[in-house]
Each structure stands twice: as structure tokens, then as C-alpha cells.
Amino acid sequence: VKSEVKLFGWTGKILRIDLSKKKVSTEPTWKYAEEFVGSRGVNARILYDESRPGSDPFDPDSRLIFGTGPLTGTAAPMSGRVTVTAKSPLTSLYADSGIGGFWGPELKFAGYDNLVIQGRSDSPVYVWINNDDIEIRKSDHFWGKGCRETEKIINQELGDPEAKSVTIGPGGENLVRYANVRTMLKHAAGRCGMGAVMGSKRLKAVAVRGTKSINIAKPEEFLQYVEKSIAAIKSSPSYEYWCDVGGGLAGRPTDITFDMELAGVGFVNGPAWSEYKRNSLTEFNLEYGTAMVGCFNCPVNCLTHIKLPSVGSQPWGCAPVIDFMGRIMNPDPKRAFECVVLCDHYGIDTTSTAVNVFFAMDCYKRGIITKKDTDGLELEYGDVDATKELIHKIVRREGIGDILAEGVFRASKKIGKNSELFAPHVKGLEVYGGIAIRPLKGYALATAIGPRGDHTRSWNEAETLDVPGNFLPAKMLKEARIHWTRVFGTEKACCHNEYEGKGSASAWQEFRIAMLDCVGMCKFGLWSGSFLTNEELYTGLCISATGVDLDERARYEVAERVLNLEMTMICLTDISRRQLRQDCMREG
Amino acid sequence: LRKALVLDIEKCSGCRICEGVCSLFHEKEINPEKSRIRVIRSEEDAAFMVAVCPQCDTPICLEVCPTKAVSKDESTGVVTVNHEACVGCKLCVYVCPIGGMSFYTDMRAFKCDLCDGDPECVKNCPRQAIEFLECDKIGMAKKRAGILKTSNMMRLVMEETGEHGE
Chain F
5 VKSEVKLFGW TGKILRIDLS KKKVSTEPTW KYAEEFVGSR GVNARILYDE SRPGSDPFDP
65 DSRLIFGTGP LTGTAAPMSG RVTVTAKSPL TSLYADSGIG GFWGPELKFA GYDNLVIQGR
125 SDSPVYVWIN NDDIEIRKSD HFWGKGCRET EKIINQELGD PEAKSVTIGP GGENLVRYAN
185 VRTMLKHAAG RCGMGAVMGS KRLKAVAVRG TKSINIAKPE EFLQYVEKSI AAIKSSPSYE
245 YWCDVGGGLA GRPTDITFDM ELAGVGFVNG PAWSEYKRNS LTEFNLEYGT AMVGCFNCPV
305 NCLTHIKLPS VGSQPWGCAP VIDFMGRIMN PDPKRAFECV VLCDHYGIDT TSTAVNVFFA
365 MDCYKRGIIT KKDTDGLELE YGDVDATKEL IHKIVRREGI GDILAEGVFR ASKKIGKNSE
425 LFAPHVKGLE VYGGIAIRPL KGYALATAIG PRGDHTRSWN EAETLDVPGN FLPAKMLKEA
485 RIHWTRVFGT EKACCHNEYE GKGSASAWQE FRIAMLDCVG MCKFGLWSGS FLTNEELYTG
545 LCISATGVDL DERARYEVAE RVLNLEMTMI CLTDISRRQL RQDCMREG
Chain L
311 LRKALVLDIE KCSGCRICEG VCSLFHEKEI NPEKSRIRVI RSEEDAAFMV AVCPQCDTPI
371 CLEVCPTKAV SKDESTGVVT VNHEACVGCK LCVYVCPIGG MSFYTDMRAF KCDLCDGDPE
431 CVKNCPRQAI EFLECDKIGM AKKRAGILKT SNMMRLVMEE TGEHGE
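Here the protein sequences line up with chains F and L, keeping their order. Residues 5 to 592, numbered by our numbering, are exactly what the first sequence covers, in order. Residues 311 to 476, numbered by our numbering, are exactly what the second sequence covers, in order.
I should point out that these hints are in silico values taken from the structure, not numbers from a laboratory. A few of these clues could be false.
Said to hold, decoys possible - Only pairs whose alpha carbons sit at most 20 Å apart, straight line, appear in this in silico SDA-like list of lysine to any residue: (1) F:Lys216 / L:Glu337; (2) L:Lys400 / L:Arg437; (3) F:Lys527 / F:Lys216; (4) F:Lys232 / L:Ile319; (5) F:Lys311 / L:Ala361; (6) L:Lys321 / F:Lys527; (7) L:Lys321 / F:Ser239; (8) L:Lys321 / F:Lys216; (9) F:Lys338 / L:Arg437; (10) F:Lys222 / L:Lys338.
In this text, all values refer to a predicted model and were calculated from it rather than measured experimentally.
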């Protein structure tokens, strides 16, 4: 059996922890990895094997799976990724959410590729993985603490400042359906409510410290490919643009999406927004940004670390900015940062939170709910104080917060009175406001067909090439257009309001993203068009690290297998094709 | 010719690529614990520091070694541990004030050897936070960088207050 053979890239073991029986066991990775490689693929297979269609995400027997890929933790650039997979409490479907940071590599150094959590503890616990020693420890004394605080308490309690943890905050503990799993200051498996699943298991955190090695099949060759990949990323014309303070994700690119009238504003995606002051985000980042920070082995560093006195010191990225500016219609980045700090402390997804807050504001404005329903809160558009109060209520599940903690899909059903019309969600997942759904046809398609209701699985950014304000230098714009036209067979694939070519663009992207997710690399490199689209380098990294023939063709087959399995899981539940389509069309 | 690693902690983003390539180059596997260079991250301050042996002129590790396993090459300045002679007492690890000496059970004491004159960390650092310079030129390089930075700042201040131009 191959599982006895020495593996390269993979550590070879899956760790399984049953919180009901307090039992710890391991099994070989290879029985899944041969077909599904790792991370998103292996997670999906485990979930498929071990869950019943239609089962409740909060059922004690439900699975919460953390998965790294064969490249996670290696010297390959952008290799800090972990996929968290479970049945989503929001969509009730198969869902996965990616998380960066430094936890995934640490899990590999401890000797595990995947971590499967099952069962439910009677009392709050956390798991301590110290290489081969696994301990299930009490967490009563810090149950209720914020995410980052929890991490610090754990480091202190274990006496190991190098231990890395994934944690949940009060949001996850109180089963807010969009609670997230977090690590460090600004890395989160944000979407689909993975934190709520973790909270339902009464698992506060998973702390890991590993000191073992990851074997590499051809070390010299691999090192050469690493060097070449970093050079390729750095030679991209947009590299400097992304890495400089004021840029990153939270700065200039986000300003541009507002300028381009693409960012979500209020309920509708993409209108002009008169209150927004041009370049206000770039200026804010330049004033309060102290450094660009990123994940394990990432040359890009897409997050801007903000030090705002008396509010907080932590990084932020594009989604939280747009959520608490455009979505709730607050034009002040300073005040948006306050909301982001609060959400991150509580461990709830900023995108879903902002949509729920705005949904309440919208219902209030339209008279669907009144002061009586909001416990006296006046929910005017853009009111940050009311937003913060609402966030507290959501996390504590007080009054209207208890309804909003269920997510807009369920909340609108409960509130009724046609409020469903103002609840922006796809498959139950709140719509991401970073880029508009209406003007970008490919984006709309990607949002509709993804296994979870957002664009992150198959959106190809080629269609933004003709949007006025695209930040790529003119020469690159031209090159990109020629490249994508050749790949997708029509120039219309590069036009935002055309329908033609969008199918093939989405399919192309869906496969590439699945491949990256399975090996454990960040898809951001693919997205930004120019960071690392070189298939030869990817192939080189994969083969020299693992010794397995993961060439482009093989990776394509794996991606197809994974995508089919994910769709199988979704079709096995009672959601219909028609419903999937309707959800998407109703938005905006 | 003596050269040394020169660190610029303002440029370091704490990504830890240097650790990966270091252990890959020396040990043919990936393990930060076996890397000669380590990144110490301070999350809340977004401050990242690099700990690596600076190849001291009078190495304390060399002085305390009971088996004379540590030696210094006078021409390159590199301080090395002879693994045959090392008994794993870890005295060198304890006495080094900046953590330049590392220890791993199956390797005993080990440290940076500047990759025979072409350090991998320097080659692969995406931010050029580590440079490899001739020892006698480091002082001037730092002075120039420092002065440039202050003069840039002064220029910006002057532009802002309108003392120049207009």
C-alpha cells in the first residue's frame, strides 16, 4: 500500500479528534490524496464520505475539517493556505472557506495534513496539538473572550509563544450563523459560518506547534523553482502597486472600485455614491498604515496594517473596507475601521454582518420594522454608532440581533412583509459587495454557479479590462486582452457587459482555482492576472515537491473530480437548480 | 574578503520565506526549526525581526565550547560548528545573546554558514530586507540609507509647508 511509502510534500497523516468520546486517532492521507491531492479536495471527499445529505450543520455528528495541501508550509510562495470545510449553517449546503496566516504550515510541521473534528464536547474545550502529543483541554476560563485575546491567553497558558491557534470568538460561541474561524489579527475562514460549526462543538480553539520536517522529493530542483516563482511574481508590473502602503487590498484598488462605480453601495451594487470622497481610502492608509503584512511565504502582502489610536492596531483588506463603507453607506474609513475591529474581536464575518446590518436599516427605512422592533435603535443609513450597537446585539443575540444573527435569508423569512426582496443573498450566503453583480456578467455567472454563493470560485477578472479606471498599465492591458482573447476564443470575454465568452472564462477559472486550492496555494496570485499565471512554474513546484506527476493535465483531472464531487453534494440536498438561479437574479 | 548579512527590519514583512529556503538548502527538507535564520513576529506592532548569527569577531560560542567544535575562518570570517566534535551540550546556544546558535536533536548545534558565500535568504527575500555586504562597507551603506531617508523626509516636510517651490 502506498500509505507505507515515504511521501513528499504531504506529511502522510490525517488527525481525527472526536470531542464526544475524547478520542484521538490518525489515518493515512494517501487514501484520499491520490485522487483529491489535498486541502479543498481531500476535505470535500471526507465530508462526502462522512455526512448524510440534509443533515443539520449543528448536529454533534457533523464534521469540521481543516485541510492543508502538499505545498502548504513548503518554501513555495503563497503557500500558507488551509481550507476549512463543513456543512454551512448559512446555506445548509457543502461549503468551504479558506484561511491564510501561519497556522496551516504549523499543522504540517506538527505532522498532519488534515484535521477532522467530530462530536460535541459537554463543556468548552480547546485542542492542543504539540507534534505527536494531542490534548483536549478545558477552555471554560476564557470562553467568551475575543479571538485575538484567546490566542494570547492560550500562548501564555501553554508557555509557548510560537504556538499558532485558530480560534472562535463570542460570535461562534453564540452560533451566529456567519461566525468565522480566525487566526492572528486578520486571517479568517470568513464565509459560510465555519465558526458557528466550531462553536456548536464547544471548541474554542485549536492550538498547534510543530517542529517536524516536510520532505521534498527533489530539493535542489524545488529550490530553483521557488527562486523562479518569486522572481516571476516580483517582475509583474502590478507588484509594486499591491505591496506599497496605501495600495494593498484596502487602499488604491478599493478606491478604484468605488471610482469605477463597481463597489456595493447600500442594497444595490454599483451605483455612483455622492458621499464617497475620492481617494479617501488611499489617504487613510497612508496616514495610519504602518506596514504591509501578509501570510506565510507570501511576497505580496495584500493587507495594510493600520494603527488607529484608541481604536485598534491590526491589518485590514478589501472586503471589510467595502462592507463597512459602501454597504452600510458610511463614507468615513476611520469609522469603518471601528466596525471591522469590533467584528474581528467577536469573530463574525464582516461581509455577512454588514449585509445584515444594512438589511435592518433598509427594513427600518421602508417601515417594515420600527423602533419597537429594534429596541429603540434608530437605524438610519450610514449610522456607524447604530451599526456598532447592532453588532453587539447580533453577537449577544439580543432582541433584533437574535433574528439578524440567523443571516438575511432566515431573518427575512422571519420578519416577512416582503422583506425577502431586500435581502441580498445567494444560496443563503450574503452577497459580497466588493464588485458589482449587475454590470459584470461573468461575475454574476460565477456567483450563481459557485458551490457557495459568491464569486471566489470561478470569477475571471479578464472582463474588467474594459472598465474605465482599470489600474493596469496600458501595455499590460493590451497584452492581457490579447492573451485572454486567445484563451477564451472571443474578445467579448474582456468586455464587462457582454455575455459571450463568459462561460468559458468561468470554467477556465473554476478549474485553475480548484487546482490551487487543492495544492495549498493562494488563488490571489492567479486573480491579479500577472502575479503567477505561469503553468510551467506551478507544475515545476508541484512535481519537484511531491514527486507525484502533478502536471497540468493531472491537476486538471483532479480539479474536475473535486468540482464534480462538490456539486454532487449540493445536488444531494434539496436545493434545486431553479432556486440557485433565482437567488442570483433577485440580487440587486 | 569578509562579508556579512545586513538586515533591514523596516523592509521585512515577516513572511518567513528565508526560513524555508534555508532549511531546504542545508537540510534538503522544509523545517523552520532547522533553519539558520528565524523571523520573530510581533503581530500588534506589525514589527518583524530576523535572528541570525552575525559571525562575531570574538565569538562567545567559540570561547565556551568544551570540545573546541566551534571555529572561525579568519579569511571569510565565518564561524562554523564541527558536527563530529559537537557533543550537544548546548552551552553555545545558552551564551549567544542574540540566538545566533540553533539546536535540533538530530543535528546538535548548528548555525549560519553564509551558504559558502551566496546566501539563499538574500537571493530569495522578496523585499530585499537582507543584504550581503562586505563588512568594511556596511557602515557607509547604512549611513547613506539613513541620510537619504531623512533628506527625503525633510524634502516632503518642506514641500508640505511650502518652503520650497511655489
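Hint by hint, here is what the structure shows:
The straight-line distance between the Cα atoms of F:Lys216 and L:Glu337 is roughly 12 Å, inside the 20 Å bound, and the hint therefore holds. The hinted pair formed by L:Lys400 and L:Arg437 fails the criterion: a straight-line CA distance of about 33 Å is larger than 20 Å. Of the pairs offered as hints, the one joining F:Lys527 and F:Lys216 is violated, with about 27 Å between alpha carbons and a cut-off of 20 Å exceeded. At most 20 Å may separate the alpha-carbon atoms for a hinted pair to count; F:Lys232 and L:Ile319 exceed this at roughly 24 Å.
Proximity of F:Lys311 to L:Ala361 is assessed by CA-CA distance (about 25 Å); at most 20 Å being required, the pair is judged violated. Between the alpha carbons of L:Lys321 and F:Lys527 the distance comes to roughly 25 Å, so the proposed pair goes past 20 Å and is violated. Pair hint L:Lys321 plus F:Ser239 holds up; C-alpha atoms about 18 Å apart against a cutoff of 20 Å. Taking the CA atoms of L:Lys321 and F:Lys216, the gap is near 29 Å; set against the 20 Å cutoff, the hint is violated.
Taking the CA atoms of F:Lys338 and L:Arg437, the gap is about 29 Å. The hint is violated against a cut of 20 Å. Pair hint F:Lys222 plus L:Lys338 holds up; C-alpha atoms about 8 Å apart against a cutoff of 20 Å.
Hints 2, 3, 4, 5, 6, 8, 9, counting from the list given before, are not met by this structure.
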